[in-house]
Amino acid sequence: MSDAIEVRALEREFGERKALAGVSFEVRQGEAFGLLGPNGGGKTTLFRILATLLPPTRGRASVMGFDVGSQAADVRRQIGVVFQSTSTDRKLTSLENLLYQGAMYGMSGEPLRKRAAELLARFGVLDRAGEYAEKLSGGLRRRVEIAKGILHGPRVLMLDEPSAGLDVGARRELRDVLAGLKKDGTTVLFTTHFMEEAAMCDRVAILDHGKIVALGKPEALCAESGQDVIKVRASDPEGLRAAVAAKFGGSVTVLDGDVRIERSRGHEFVPQLVESFPGQVEAVTVAKPTLEDVFVRRTGRAFGE
Amino acid sequence: MSLLVPAASLAKRELVRFFRQRGRVIGALVTPVMFWLFMGSGLGRSFGGPGGDFLRYAFPGTTTMILLFTCIFSSISIIEDRREGFLQSVIASPAPRAAIVLGKVLGGTLLGFVQAFPFLLLAPTVGLPLTATGLLQAAAVLAVSAFFLASVGFFFAWRSESVAGFHAIMNVVLMPMWLVSGALFPLAGARSWMGWVMRANPMTYGLSAVRTAMMPDDPGPFGLGLSLAVIGACALVAFLACAATVGGERT
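Going line by line, the protein sequences match chains B and C.
Heads up: the first sequence at position 173 corresponds to 173 in this note's numbering, and the numbers run straight through without jumps.
Heads up: the second sequence at position 78 corresponds to 78 in this note's numbering, and the numbers run straight through without jumps.
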């Protein structure tokens, strides 16, 4: 089976600034693929290119075999796009929003009405289908957005920061919706800066400064180093960092005000650490590496920086 | 994909949205009538035009003013659609770019028409005859002129980042186009340079045709056929310019 999305040596410049500096990857059909990265990392630029809203400067990208530049109309028929900023018309009802959306895809009449009602029911918005979109809560409105995105039955659904601005409950609902779509065979690609969301993807690409710094299955990326991450809160993080590095060696950094140590068999290391520096350690956590740690290891920076 | 389904749907949305905002309906209807009554009654007989009464003279120009105002409002809705995000899902859809332009422009045209046409029925109040032929001719001209104005409005609104920026265009391009169309003074009495400006202005032909259709005793400076041909050609050019703008750009 050919790939749903193929990206080769993609570059995009805005004047002097390189938003994408040579990105290559592919998304397999039926896969849930996450584009993870800090703001300004290039993920929204990549998203807009794949959604045919922005032409690449160099390189190429294709969706379901169609080139995003020269075959934009074909690509648009294959994809559903859910934007970060809402695209619902506030002065129209949820149902009307779906009907107008369908018309943009050449749908009309009874099949369109049926499909719209079916999606509203599936997303639990049917009882409020007659209300203006502006009256809906953020979570409900996002569901209408997703309904808009999948109305025409796209092969690939692209979502830009789908969980931005949602509370914890609504985020969980969103995850269920995406999992359901994936089960139906839809390829799902989304951008996010939430680690836990990226961790649910089949595969994830971590973008930083317009480049992919890590690509693979989240669990494989996390397990890569084979080490634990120990975070120490200390009154003098810099001093402790230097002392730990001198005594034990290895990777010791200060990140977000914590001393961060990567070591195998972390649980055995903690007692040694605490006994070696009495009174300096305020709190210690030991954990398996997360995607955030993968980012730190690959870039040398904290994710938020 | 056909142009029709997406274009008709976008046009319908313009109408639906318009009638849901009562303030817009009232504003678009009352403002030109008020303007007409104040200007017309104020200048009244000080105006030495052919009809001798300004209220009568300005009647056809008021219909094109209604078109202008509604087309400005509907052009502004493009900027709002962009700002509020609705436009992004339209652009990401496979709907032909020409259908997007057609839908928006047709929406503006219909809005202008449904407001300007009823005003024609006030013609007897200034002693103008109301004939079926005159009404039909005027209706056709109004529709074509509305299409022209909506296309011009679209052309500028599509590039405008903000409503404030569009206001500048409105004041520099759209309003003057109405001012020197013969709405306030006839071509015949204008100084020669102004005469040429008026002849170069597409709206002069639209207005001339409305005047000819509604005022047999004081017709416009150009024949009905010529006027319709000119405003029709200009409408087509403006529409194609919009389609080229939208099709050529991918932001």
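To be clear, the hints were calculated from the coordinates, so they are not data collected in a lab.
Predicted model, so just to flag it, every value in this text is computed and none were measured.
Some hints could be false.
[To be verified] DSS-like cross-link-like pairs, simulated, lysine-lysine; straight-line CA separation at most 27 Å:
#, chain 1, residue 1, chain 2, residue 2
1, B, K135, C, K12
2, B, K247, B, K217
3, B, K114, B, K182
4, B, K231, C, K12
5, C, K12, B, K18
6, B, K182, B, K231
7, B, K231, B, K288
8, B, K18, B, K182
9, B, K217, B, K231
The hints, checked one at a time:
For the given pair, K135/B sits about 22 Å from K12/C by alpha-carbon distance, which is consistent with the 27 Å threshold. For the hint pairing K247/B with K217/B, the CA-to-CA distance comes to about 35 Å; that exceeds 27 Å, so the pair is violated. Between the alpha carbons of K114/B and K182/B the distance comes to roughly 22 Å, so the proposed pair stays at or under 27 Å and holds. Taking the CA atoms of K231/B and K12/C, the gap is near 60 Å; set against the 27 Å cutoff, the hint is violated.
At most 27 Å may separate the alpha-carbon atoms for a hinted pair to count; K12/C and K18/B exceed this at roughly 42 Å. For the given pair, K182/B sits about 36 Å from K231/B by alpha-carbon distance, which is inconsistent with the 27 Å threshold. At most 27 Å may separate the alpha-carbon atoms for a hinted pair to count; K231/B and K288/B meet this at roughly 11 Å. Distance check on the hinted pair: K18/B and K182/B sit about 33 Å apart at the alpha-carbon level, beyond 27 Å; violated.
Proposed proximity of K217/B and K231/B is supported: the alpha carbons are some 24 Å apart, at most 27 Å.
The structure does not agree with the numbered hints 2, 4, 5, 6, 8 stated previously, though it agrees with the rest.
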